[in-house]
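Residue numbers (the working numbering), protein chains in the order written: chain A, 0 to 130; chain B, 0 to 130; chain C, 0 to 130; chain D, 0 to 130.
I should point out that these hints are in silico values taken from the structure, not numbers from a laboratory.
It cannot be assumed that every hint is accurate.
Since the list gives no way to pick one copy over another, a pair counts as held whenever it fits inside one copy or between any two copies.
Okay, derived cross-link-like pairs now, PhoX-like style, lysine-lysine, Cα gap no bigger than 25 Å in a straight line [unchecked claim]: (1) Lys98 x Lys118; (2) Lys98 x Lys120; (3) Lys66 x Lys15; (4) Lys104 x Lys15; (5) Lys104 x Lys120.
Protein chains: 4
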Amino acid sequence: MENFEKSSDPSPLNIKEMQEYSRRFIEDRDWTEFHTPKNIAMGISVEAAELLEIFQWLTPEQSFQIKSNSGELQRVSDEVGDILHLLIRLSSLLNIDLKQAFWEKIKKTEKKYPISLSKGKTAKYSRLSHD
Amino acid sequence: MENFEKSSDPSPLNIKEMQEYSRRFIEDRDWTEFHTPKNIAMGISVEAAELLEIFQWLTPEQSFQIKSNSGELQRVSDEVGDILHLLIRLSSLLNIDLKQAFWEKIKKTEKKYPISLSKGKTAKYSRLSHD
Amino acid sequence: MENFEKSSDPSPLNIKEMQEYSRRFIEDRDWTEFHTPKNIAMGISVEAAELLEIFQWLTPEQSFQIKSNSGELQRVSDEVGDILHLLIRLSSLLNIDLKQAFWEKIKKTEKKYPISLSKGKTAKYSRLSHD
Amino acid sequence: MENFEKSSDPSPLNIKEMQEYSRRFIEDRDWTEFHTPKNIAMGISVEAAELLEIFQWLTPEQSFQIKSNSGELQRVSDEVGDILHLLIRLSSLLNIDLKQAFWEKIKKTEKKYPISLSKGKTAKYSRLSHD
Numbered sequence: 000m001e002n003f004e005k006s007s008d009p010s011p012l013n014i015k016e017m018q019e020y021s022r023r024f025i026e027d028r029d030w031t032e033f034h035t036p037k038n039i040a041m042g043i044s045v046e047a048a049e050l051l052e053i054f055q056w057l058t059p060e061q062s063f064q065i066k067s068n069s070g071e072l073q074r075v076s077d078e079v080g081d082i083l084h085l086l087i088r089l090s091s092l093l094n095i096d097l098k099q100a101f102w103e104k105i106k107k108t109e110k111k112y113p114i115s116l117s118k119g120k121t122a123k124y125s126r127l128s129h130d
Numbered sequence: 000m001e002n003f004e005k006s007s008d009p010s011p012l013n014i015k016e017m018q019e020y021s022r023r024f025i026e027d028r029d030w031t032e033f034h035t036p037k038n039i040a041m042g043i044s045v046e047a048a049e050l051l052e053i054f055q056w057l058t059p060e061q062s063f064q065i066k067s068n069s070g071e072l073q074r075v076s077d078e079v080g081d082i083l084h085l086l087i088r089l090s091s092l093l094n095i096d097l098k099q100a101f102w103e104k105i106k107k108t109e110k111k112y113p114i115s116l117s118k119g120k121t122a123k124y125s126r127l128s129h130d
Numbered sequence: 000m001e002n003f004e005k006s007s008d009p010s011p012l013n014i015k016e017m018q019e020y021s022r023r024f025i026e027d028r029d030w031t032e033f034h035t036p037k038n039i040a041m042g043i044s045v046e047a048a049e050l051l052e053i054f055q056w057l058t059p060e061q062s063f064q065i066k067s068n069s070g071e072l073q074r075v076s077d078e079v080g081d082i083l084h085l086l087i088r089l090s091s092l093l094n095i096d097l098k099q100a101f102w103e104k105i106k107k108t109e110k111k112y113p114i115s116l117s118k119g120k121t122a123k124y125s126r127l128s129h130d
Numbered sequence: 000m001e002n003f004e005k006s007s008d009p010s011p012l013n014i015k016e017m018q019e020y021s022r023r024f025i026e027d028r029d030w031t032e033f034h035t036p037k038n039i040a041m042g043i044s045v046e047a048a049e050l051l052e053i054f055q056w057l058t059p060e061q062s063f064q065i066k067s068n069s070g071e072l073q074r075v076s077d078e079v080g081d082i083l084h085l086l087i088r089l090s091s092l093l094n095i096d097l098k099q100a101f102w103e104k105i106k107k108t109e110k111k112y113p114i115s116l117s118k119g120k121t122a123k124y125s126r127l128s129h130d
């Protein structure tokens, strides 16, 4: 219906295939004992900060312009890939369904920030309600 | 209702649908101006730390036992959902293909940590190679 | 000599007194076993993200204006206090001299970013040198 | 040369001197415009994650043994120095008294986690009170 360009139509993620590949990757290196949920959660924070570092000194406008800087965009893509890998790994270890986690949480956030109270404001709901 | 073994076969993620839903969620609240790539990257670090906090005081063993504590597991699932939402949002803003980001990065990591040098060690490759 | 206002002349930090107080605080609550260096490092990331969250949606200009918003400034001060507490705790556990850590590291950073190469640029030195 | 037992009696931090040195360091490099409170807060998260990374794969016991590994201990000290530098920088920009921030916050934490309710537990007070 909508006249999307190809780039706006990303492929679905086959989580099962990604989990399997990741598991084998870890087992091949005998890293299983290091992969506690606690250590994976640490890894997500570490990778998230490497992503953050790319944007650290940029103005808001420059942070959009990364889109046309192929070197920096590749760095962003690599960090995004790392974070996604660790989310997939954690979901595998704790038997969390990523799809369900996404939809459940966004529905909760919709309730927490109702449109009428949230328009154009980013404050926490707890404070919004006192405005 | 669904005839589906969640743990063994997680559903694929329909990224396009998630991106569209997220975009509408943001637009409905007039939050578009706040959603610079820089601010989204900050959000990922903030949510990653909320995930980290859940595991902060746990022993390695306890971090696995979260699997059978439904309350704590729900907290983990909510944070995972938030991080995934922000990854999807960032990929949408910068036109990054999440599937490609995952596979490209895991292939790079495989080269950086070859099985023969990495077995049972977690040190950075740069240091591994000097061992 | 310089005609500083009172607020510009902060008191020296008595690290020993702070370490002692913190140690007693932890022992009184039987928290010693939880205070591994690893867990304290996690705590620093958690508190740093709580600080980050305060600034998440602000423009660069608004991030300065926090100075005149006593409620938000108190939040910042509280997070700064938490991070400093955990730095003091970690330095105590690992026998690190905070004063020496500060001066040693700033001297290294001065060498890594020489004034002539760094003026007005924030890129990493490794990339600066290729400009 | 100095007749001084480092571990038992760390030197007080002369915050004023550190703030002045840091200000000159920034001005010499024309970095003032980049040093918004928002960007400094991002820097603290980035450095905190670099500290976290050192401990990521260590067992609780190994995280104590870093004390006798001079190379790793130096890495920890460098990250601690960076975080302290940024705390000092932020306190300078927002006119926060670090000493006061520490003592105010630890007193609040003492009230939030009273000894009688907190002994040997690390759960948040909000949940403690419902136990």
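Hints, verified against the model:
{"no.": "1", "hint": "Lys98 x Lys118", "in the structure": "neither (27 Å within a copy, 32 Å between copies)"}
{"no.": "2", "hint": "Lys98 x Lys120", "in the structure": "neither (28 Å within a copy, 33 Å between copies)"}
{"no.": "3", "hint": "Lys66 x Lys15", "in the structure": "between (30 Å within a copy, 19 Å between copies)"}
{"no.": "4", "hint": "Lys104 x Lys15", "in the structure": "both (21 Å within a copy, 18 Å between copies)"}
{"no.": "5", "hint": "Lys104 x Lys120", "in the structure": "within (20 Å within a copy, 29 Å between copies)"}
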